[in-house]
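S.K.: Residue strings, one per chain:
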Amino acid sequence: DVKVTQSSRYLVKRTGEKVFLECVQDMDHENMFWYRQDPGLGLRLIYFSYDVKMKEKGDIPEGYSVSREKKERFSLILESASTNQTSMYLCASSLGGPSTEAFFGQGTRLTVV
Amino acid sequence: ILNVEQSPQSLHVQEGDSTNFTCSFPSSNFYALHWYRWETAKSPEALFVMTLNGDEKKKGRISATLNTKEGYSYLYIKGSQPEDSATYLCAFRGSARQLTFGSGTQLTVLP
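Read top to bottom, the protein sequences are chains P and B. Quick note: the first sequence uses the numbering used here, first residue 7, plus one each step. Quick note: the second sequence uses the numbering used here, first residue -18, plus one each step.
If we strip away everything but chain P, and leave its shape as in the complex, we get (with noise of 0.2 angstroms):
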């Protein structure tokens, strides 16, 4: 079974930390997702990454950045947090063509105070 693993379920970080959230798959998959979540707005791109090194910003890149040194790892970077990112954000991955389904982590409930 294709697993891909979120650091955290859950996490609470103060204003202007820097946030580092890490999903791993274990299925080398070359396609992976950062997408965050808000009620009413389903799941919105913020970044993703098709191959190790390579970043496509998506829809909401404003305020993260990315980093995917290994072909299983992808981390979603806060770079000074703010409230306005309390959010669900969830990690996915794929392979690399356009019919292939993602698989998707467990989510990580965010919460900048």
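Hints in this document: simulated from the structure, not taken from any laboratory. In this text, all values refer to a predicted model and were calculated from it rather than measured experimentally. In this text, a Cβ means the ideal position worked out from N, Cα and C, and glycines have one as well. Errors might be hidden in some of the hints.
[Claimed, not checked] Straight-line distance between alpha carbons at most 30 angstroms, and here's what the computed DSSO-like set of lysine-lysine pairs gives: (1) LYS77(P) to LYS19(P); (2) LYS59(B) to LYS40(B); (3) LYS61(P) to LYS76(P); (4) LYS39(B) to LYS59(B); (5) LYS9(P) to LYS39(B); (6) LYS61(P) to LYS23(B); (7) LYS77(P) to LYS24(P); (8) LYS50(B) to LYS77(P); (9) LYS24(P) to LYS9(P); (10) LYS77(P) to LYS61(P); (11) LYS50(B) to LYS9(P); (12) LYS24(P) to LYS63(P); (13) LYS50(B) to LYS23(B); (14) LYS38(B) to LYS9(P); (15) LYS23(B) to LYS63(P); (16) LYS38(B) to LYS19(P); (17) LYS63(P) to LYS40(B); (18) LYS39(B) to LYS50(B); (19) LYS59(P) to LYS9(P); (20) LYS24(P) to LYS61(P); (21) LYS23(B) to LYS24(P); (22) LYS23(B) to LYS76(P); (23) LYS63(P) to LYS19(P); (24) LYS9(P) to LYS77(P); (25) LYS77(P) to LYS63(P); (26) LYS76(P) to LYS24(P); (27) LYS40(B) to LYS9(P); (28) LYS61(P) to LYS19(P).
[Said to hold, decoys possible] Cβ pair distances, simulated, as ranges: (29) THR11(P) to THR21(B): 18 to 26 angstroms; (30) GLY69(P) to LEU33(B): 19 to 27 angstroms; (31) LEU101(P) to SER9(B): 20 to 28 angstroms; (32) GLU75(P) to ASP(-2)(B): 29 to 37 angstroms; (33) GLY60(B) to SER105(P): 38 to 46 angstroms.
With the hints as your guide, set chain B onto chain P.
M.R.: For chain B alone, kept in the frame of chain P given last:
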């Protein structure tokens, strides 16, 4: 930003009712349309991935159709059960590599 819309936003049905939801997406640069089910406290899981105009897929009581020329897909649930209660998400994959989701339809099946 790609426009992927789902309707209705939420739905309450009685156990045994059949129901359907709509996903609309851009009709140009189409590669695939995905459907996911997201149950509370779990991760989203794929139901279907459809690529061809006219595709119909079925898994048990759930089925989906695809019209790429007009940019819509329907998800049908026959004889809804309480365990079908979940948020149903569609996602569009175009020529860019990103997977763009709609805001989902939240289904509640009342016993």
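S.K.: Tell me, which hint numbers fail for this structure?
M.R.: Hints 8, 11, 13, 16, 17, 30, 32, 33 are the ones this structure does not satisfy, whereas the remaining hints hold.
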